[in-house]
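J.: Chains as they are written, first to last, in the working numbering: chain C, 127 to 472; chain D, 127 to 472; chain S, 127 to 472; chain P, 127 to 472.
None of these hints come from the bench; they were simulated from the model.
Treat the hints with care, as some may be off.
[Stated by the list, open to error] Cβ-Cβ distance ranges computed for the label pairs, FRET-style:
#, chain 1, residue 1, chain 2, residue 2, range
1, D, Glu-187, P, Lys-247, 46 to 56 Å
2, D, Arg-397, S, Val-166, 30 to 40 Å
3, D, Gln-242, C, Ser-352, 25 to 35 Å
4, D, Arg-397, S, Gly-458, 33 to 43 Å
Predicted, not measured: the structure shown is a model, and the values here were computed from it.
Note that CB positions come from ideal geometry on N, CA and C, so glycine has one too.
4 protein chains.
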Amino acid sequence: MDKIKVGIIGATGFAGAELVRILAGHKNAKITVLTSRQYVGVNFDKIYPAMQGIISLKCEEYNQRTVEKADIFFLALPHQISMEIAPQFVAQGKKVIDLSADFRFTEVDTYEKYYQSHKAKHLLKEAVYGLSEVYTYKIKKARLIGNPGCYPTSALLPLIPILKTKLIRPETIIIDSKSGVSGAGRSLSLTNQYCSVAESFKAYKVASHRHSPEIEEILQQEAGPSASITFVPHLIPMSRGMETTIYADLTDSRIEERHILSNLLSYYKDRYFIRICKDRVPDTLAVRGTNFCDIGVKIDKKNNRLILLSVIDNLVKGAAGQAVQNMNLMLGLDERIGLDNVGYAV
Amino acid sequence: MDKIKVGIIGATGFAGAELVRILAGHKNAKITVLTSRQYVGVNFDKIYPAMQGIISLKCEEYNQRTVEKADIFFLALPHQISMEIAPQFVAQGKKVIDLSADFRFTEVDTYEKYYQSHKAKHLLKEAVYGLSEVYTYKIKKARLIGNPGCYPTSALLPLIPILKTKLIRPETIIIDSKSGVSGAGRSLSLTNQYCSVAESFKAYKVASHRHSPEIEEILQQEAGPSASITFVPHLIPMSRGMETTIYADLTDSRIEERHILSNLLSYYKDRYFIRICKDRVPDTLAVRGTNFCDIGVKIDKKNNRLILLSVIDNLVKGAAGQAVQNMNLMLGLDERIGLDNVGYAV
Amino acid sequence: MDKIKVGIIGATGFAGAELVRILAGHKNAKITVLTSRQYVGVNFDKIYPAMQGIISLKCEEYNQRTVEKADIFFLALPHQISMEIAPQFVAQGKKVIDLSADFRFTEVDTYEKYYQSHKAKHLLKEAVYGLSEVYTYKIKKARLIGNPGCYPTSALLPLIPILKTKLIRPETIIIDSKSGVSGAGRSLSLTNQYCSVAESFKAYKVASHRHSPEIEEILQQEAGPSASITFVPHLIPMSRGMETTIYADLTDSRIEERHILSNLLSYYKDRYFIRICKDRVPDTLAVRGTNFCDIGVKIDKKNNRLILLSVIDNLVKGAAGQAVQNMNLMLGLDERIGLDNVGYAV
Amino acid sequence: MDKIKVGIIGATGFAGAELVRILAGHKNAKITVLTSRQYVGVNFDKIYPAMQGIISLKCEEYNQRTVEKADIFFLALPHQISMEIAPQFVAQGKKVIDLSADFRFTEVDTYEKYYQSHKAKHLLKEAVYGLSEVYTYKIKKARLIGNPGCYPTSALLPLIPILKTKLIRPETIIIDSKSGVSGAGRSLSLTNQYCSVAESFKAYKVASHRHSPEIEEILQQEAGPSASITFVPHLIPMSRGMETTIYADLTDSRIEERHILSNLLSYYKDRYFIRICKDRVPDTLAVRGTNFCDIGVKIDKKNNRLILLSVIDNLVKGAAGQAVQNMNLMLGLDERIGLDNVGYAV
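Chain C extracted, bound-state conformation (with noise of 0.2 Å):
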């Protein structure tokens, strides 16, 4: 098979030298085309250093050419910049994979409450939300995604089987989630410097991240109107991982933890990136650098509460990875091509 040719619209991102550094060793894709507003000119190398010998493209200014350099793009750009430069993509028969925020919602008003007013309308209800193992048919025959965000990716995973089959009040939902610094980019900010995040752990948007609204659509969209959640981000003082706590009233008090997995196990029966953690608890370190999602389950009996646990890599199954899963899942390729490597022990 020839190998097909992929373009990286904002390549110099977090989230798109994590989509180089996947899809450099993804053996039927090809990179043809980086695009950088900031570094025109510059050989990819030169920005991230552990590049160098691996690929030897230059950055290059998006312009209406662009389009015709591959097959498939992946946009990695900050949100409203996305849905600027999607439509003409599309219009010309590629493939989208967005990692923006604007091709996530299904409702307009949505998004435009928590964002702005959007510029493509026309492919909000075509746009497929990537949640790579919730909507893979749907994935397949898309040509433009809604790539997740990483909170939402970590939260639904192990939600939506639980809630799908009434295990838990959809109303009593609380998601405490905590964060890598990978997450807030490559942009410059006190609040990612060095010395502002070592030996510091606290929470940010209080009940108020735009994430929240991108998982209650879903959840609501999956398990009826009354779904509702809280919502609270962290911030650990480490480069990459996702850890994602999530508290519910059951809705039955017989039900045991091992209902819990049994539901798990079945919905994500033979998907390779799902992990369900029977005797272990879920660590950020087991999945780093890979595009595992790992989940465990505890029930606190005396509340009648669960509690369940999910850890992704913030840049790979919450951002980079799932891209290129979906890809793969578009292209009728093994999903795992290019995401098989083996985490770190340590």
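Take the given structure of chain C and dock chains D, S and P to it, following the hints.
T.: Below, chains D, S and P without anything else, positioned relative to chain C:
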């Protein structure tokens, strides 16, 4: 005033060493005896080189004559051992501040359910729970203090004022805590090795940590028997610091953040070590190395749910600092003495 | 004694904030003015929440009246700006401790070769190099201090006694230093982002750092013109701390470690902040947050080469701490006041 | 091609686990046996949860039949134990790659001076030092490899080409190395506890580390008996990564950086894993998780001194990665197989 003579039993663990650090700079106290089982005869600064030039005591073995060497004793021992030796200090008229769990519980049954059989039951009713800002008057008159656990300190300080005034429903409390690694102590273990912890974030003892009944007993004493919590601790890749995020349903949808803030400000009026954060989110970095507890408040209006956020340094306000604060109270001193160091900006 | 009034010009950078931290706990000093260009009118504790409850000053703009507001001023400014404003403080009889490079050099030419043209040359000869333990007597009488750089402090303290007594060959000195990230200051940069620093260790400005001529000028003053160094700084993934390993050929193969140790012990006799390590290797953790400089010694017999090891906290002994020590000396106070906090065991 | 059967003796230490990680992704190899003394009968993924879904082997006890279970064996054992069991593998025609120090030395006397008496002296002359890019041809024909230490790998790769061409004076070499904590292995120790390491940077085994004679023996073989080094290792607060800064006097003051660079480029022509850095300083982050060795060069003109800088991942190129590279060479495979993962940008 003559300096009070202070002994530290079990001085070489992390809590013990932190007591040494604080007491070495306390203008009204003088450390006269340090005991250790493992390091008998060793200069303390050989174990902790930070102490070179600060303290020149050798570690001694604990024996019958130890009790004569000071006026007030800190027991920084594993539980079970504390209750074996505390009675003889008390019997000889010494004041005792015990940092283990042995004297934290009023109910013997609760202690014995979660720990083991109690060997000094007669002292349980007398012992005062050393949550300094809450039980100040009892502490001033106590001769035996059960110094609170780190998680309970971080959870109870924000919760008690709110619960007492019935602003939240006591049966809906969820406590999601995160602790630096020093909380696990100095004992060798795979789980506190550097390579197990760095780039690792994970929950542990999910809904089964022994600080859970400690929190619950106090909450029930303060707010009635319906208080019930789900408690999940997590491990952060950093040495010091603890963050606790608490969720509870409000009793009335008209309650606003300003009501909660004013409740806390009023309850902790004139208490130096409690800092209410009006326009910022508590950050462990801001309390590192200090005895402060910073508390923040947020209401998730849509779900009528209160979110309380608190941070402490687990070794200071969560252990040795609060113990010294209690000593100050017991001795009629200004509670800030020895604890007024300024935190680091970075 | 009335408290001396202290002003900090440029209070919101890391060195400025560290000055605030130390001076807020100094029993003989009172901070009366803090200036900042970026944060005029902002409460200092809004910038550094660790200071809530500690200091209630607002940042002011620097202007002509600033000079009247205190008796002694710390300039924590970028070089070039210091030399523009220092003269007016001196002219009005104020004592000045400048933390930039502007008044560290005796030779104008050296300064101008490595920095830029000097605008206050008339003060260069008068300014005293504030290496507290070496130039104590000059400092006591100075009205303008050029406070040493962090790397020079860590290198000069071990080297000067050894070089003065001709134990090593001055033309063979190699200085391999490693610094925590706070040394780079608070300015936004890709190089001090968390994700650039974590799991990264690297040299920078190899044999071309501007602290190199600063070290050399002092060594030549102390030991003659043949002193010449190769200096390579490295960046450690941690906030605070600096380690310097120095290599030099011994002048005589009969020199033993005990000779070196006794030389250092004698030179630094009765100097509280210098700790000679007889049977341990200096560790940055043991000096974190303190004004200590720990020095260790090893001889590589086979190669007749001396190895000196030193550690400091780059923000304390390497900047703000030494500056306050110098203030104490200038005011005739015990040099330890405000700097006698005990380091952390962990 | 049938997959080659591979055994790992001592699989549960850090080097062993890293071998599992790499070999699990090696397209021409199949792990058929893992041994462990401590974890007999335990699934490997219970020890390292990163391996869940990747490998399903249990740890076995090493015994006489182990040798039959694979064609090539990696010994990831403490020294002294390796030499007891290596001979029987060799005797039965198996290829052996030993990661301990037991087969790294040609001279028995040197080994016995720094380690202990040798029990398999007859194999010392035959064993090939597995510095892959230097001894490629010998490695291809070897049946027993003494896989290099991490420090020696990082020091020898930059030094050998320069020394062989007499660009530096061999008696003036100083090697200042810094290593991540995983180099100390998985054994429990106060020195590799999280709280001992975080915010700590220190030298250890100053001029007395056993990697020193290992480096010297090879340098003398390559460049004559005058080669002599001073070697000081340091511990960095991070899991993986090693940086080595080397100082040596140039033999001629006309030598420029471009001569050194061209020497290195020529020596390592076509060697994928050696990356010469022309305009950047080597950074451990750029090689994390990879088998690359990045080498940089700087001349301190004033002192006529060369500075070489190298970085590796101590567990990959410094241990398991180079071991697999050697396996590839021994089997006539492309040396990159299983080792072509792309490093992380962050």
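J.: Determine for every hint whether it applies to the structure shown.
T.: Structure-based check of all given hints:
Evaluation of the 46 to 56 Å hint for D/Glu-187 and P/Lys-247 yields a pass: the beta carbon distance comes to about 48 Å. At about 32 Å, the CB distance of D/Arg-397 to S/Val-166 agrees with the hint of 30 to 40 Å. D/Gln-242 and C/Ser-352 have their C-beta atoms about 46 Å apart, which leaves the hinted 25 to 35 Å range violated. For the pair D/Arg-397 and S/Gly-458, the beta carbons lie near 38 Å from each other, so the given range of 33 to 43 Å is met.
Consistency with the previously given hints fails for number 3 only.
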